[in-house]
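Participant: Chain by chain, the residues:
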Amino acid sequence: MKKSWVAYPYVVWMIMFIVVPLILIIFYGTVRTTPQGMEFTLEHFKRFFEPLYIMVLVRSLYLAFICTIVCLLLGYPVSMILASKEYRDKKILIFLMVIPMWMNFLLRTYAWLTLLEKNGIINTLISFIGLPKMDLLYNQWAVVLGMVYNFLPFMVLPIYSVLIKIDKSIIEAAEDLGANSRTVFRKVIFPLSLPGVVSGITMVFMPAVTTFVISRLLGGGQFLLIGNLIEELFLKSGEWGFGSALSIIMMILILFSMAIMSRYEKENEGGGLL
Amino acid sequence: MKKILSSKLIWVVVAVLAFSIILAGCGQENRVTLKVYNWGEYMDKSVIDDFEKEYGIRVIYTTYATNEDMYVSMKHGGSNYDVAFPSDYMISRMINEDMLHKIDISNIPNYKYIDDTFKNLPFDPDNEYSVPYMWGTLGIVYNKTMVDDPVEGWDILWNEKYSKQILMLDSQRDSIGLTLQMLGYSMNSRNIDELEKAKEKLMEQKSLVLAYVGDEVKDKMVGGEAALAVVWSGDAVAMKWENPDLEYVLPKEGGNLWFDSAVIPKTSQHKEEAELFINYLCETEIALRNTEYIGYSTPHTEAMKMLDEELLSDSTAYPSDEEIADSEVFEDLSDTLDVYNRIWTEIKAK
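In the order they appear, the protein sequences are chains Y and L.
The first sequence begins at 42 in this note's numbering and counts up by one.
The second sequence begins at 1010 in this note's numbering and counts up by one.
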């Protein structure tokens, strides 16, 4: 009994900072003010289905999807290398991977702003070796780059921590039975690492689909994502009702994809152990 | 069971109380705290330090990027700022919505230094709510080494030759307003057809635009990242200091003439100290320091006399009366605002 008392500050914390705001968002999202007072309405949710807003959502999902794929393609080999025999004792590498995360996310994004400029460092180098300068900033790829850069550690770390825990004797057994290294990877390592991959995907996709700073700074305000839309509705036009409705829709989408992911994760855990 | 339940309850109560004491503790201090809400890069910070030292008042200084940002955080944000610096149309909106205190001019003796042309303006006809802080125009800044066409009107921003070299302001009133003006309509149009035409024009322009920016515009233009940008005159002055290749033009259609003034929101609990602060800003030496620091144009007669000849003769900062004869001042468009919001979202979401 005594132990559970310790949890009360957290319960209070959660009520104040999670439950109450959630109720407020639902309240704002489903209410409209009329001269007679407040009344229940679903008009904010209806408005979301206009092509304009669907397009914004599709763009957010699309960019987040590309970002996740790139992170996976870059992150998996990195995790493999970090977890491999040669490097697993070199904690410094993991440390280097994590260090950028200690610095403020906004600062890191601002840094890209100057790196990618027309007269920035990267373009100066490019023109130094005799190639024409490129438009690196203020396009979709700059946004994707910013996302990948910021979220890559969230892909690497979960995969790494799963890979490092794989029982070496299973791999040895596969090798003893005549599997070459490709087969070992395909049949043993990859299936066993799937839980890490799934949580990596979740941890990259979620922040990528809701980001607004990266698209604002590196996209030059031209790539309105759902996060930007919510920001503008709350901070600029003051349409809290529609902004709240969008936030709710976003939360539902995230919960939905998490549910799919966790089911998938479980299935494969079972499969992996067989 | 009952006992356990009640002791649980006590814990919860204690925790909540502890929280509220911590939260309340932030505001507890003997000195009066003045919350000043201003545009980014719009005041010499040492002026604030000096004010704190002179009057023993603590100042919390925060900034915003657009009038709309400021309005929303005041209207819905539960903030309690004591001094803010909205522009003309926003001042009339805030007056209409009863968000501003009347300023007691007798508490602001330095008001006598404000030039008469900045008094009795339409947004505050009886000078009851606002004290002019800075003023200027909206126009085009361009890099002389990158633009070889004459820059005269807004239409240069639609010239395909400068594709991906144009920076627009991420501010809906300014961007839609200038398009309306280019099409020959009023910047304050409420006409849906006219607004629709402006929207089409801006949609057309989007592929030529490098980015929709805020304060970054200064760094980008100084660094030669773009050829043309829509800017406020004061920013243009500051940019020209840093990069002499830049030139500012007030478009032949007239451009926009604006006034930023100090106001005291109704949420303020320290009206007298706020008036003290506004008065301090109107002291000649302080007004001069701010003007020299930020590069905007001052409505302060004495400070103006002490300014550099060079700056005074620069028509970017101090255009002649003929130059601004066609310039329009923004009006409050609260009733059509959702149309403006919608258009701006559509353009940015395209």
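Bear in mind the hints are in silico, worked out from the structure with no lab data behind them.
The beta-carbon is built from N, C-alpha and C at its ideal position, and this holds for glycine as well.
You may find that some hints are simply not true.
[As the list claims (entries may be wrong)] Once the Cα atoms are required to be at most 30 Å apart in a straight line, the calculated DSSO-like pairs of lysine-lysine come out as:
| id | chain 1 | residue 1 | chain 2 | residue 2 |
| --- | --- | --- | --- | --- |
| 1 | Y | K174 | L | K1170 |
| 2 | Y | K174 | L | K1153 |
| 3 | L | K1215 | Y | K87 |
| 4 | Y | K159 | Y | K132 |
| 5 | Y | K206 | L | K1359 |
| 6 | L | K1153 | Y | K87 |
| 7 | L | K1249 | Y | K159 |
| 8 | L | K1173 | Y | K174 |
| 9 | L | K1208 | Y | K87 |
| 10 | L | K1173 | Y | K159 |
| 11 | L | K1275 | Y | K159 |
| 12 | L | K1084 | Y | K159 |
| 13 | L | K1359 | Y | K174 |
| 14 | L | K1170 | Y | K159 |
| 15 | Y | K87 | L | K1084 |
| 16 | Y | K159 | L | K1206 |
| 17 | L | K1062 | Y | K174 |
[Said to hold, decoys possible] If you only want the chain L side, here are some residues facing chain Y, beta carbon under 7 Å, derived:
| id | residue |
| --- | --- |
| 18 | G1162 |
| 19 | D1164 |
| 20 | E1169 |
| 21 | K1357 |
[To be verified] If you anchor each label on the Cβ, the simulated ranges turn out as follows:
| id | chain 1 | residue 1 | chain 2 | residue 2 | range |
| --- | --- | --- | --- | --- | --- |
| 22 | L | A1074 | Y | T155 | 44 to 52 Å |
| 23 | L | K1062 | Y | L172 | 33 to 41 Å |
| 24 | L | E1301 | Y | T155 | 25 to 33 Å |
| 25 | L | S1172 | Y | Y51 | 31 to 39 Å |
| 26 | Y | K87 | L | S1172 | 49 to 57 Å |
| 27 | L | A1074 | Y | Q77 | 50 to 58 Å |
| 28 | L | R1351 | Y | F226 | 50 to 58 Å |
Participant: Taking the numbered hints from earlier one at a time, note which ones the structure violates and give those numbers from smallest to largest.
Facilitator: 4, 5, 6, 11, 12, 16, 17, 18, 19, 20, 22, 23, 25, 26, 27
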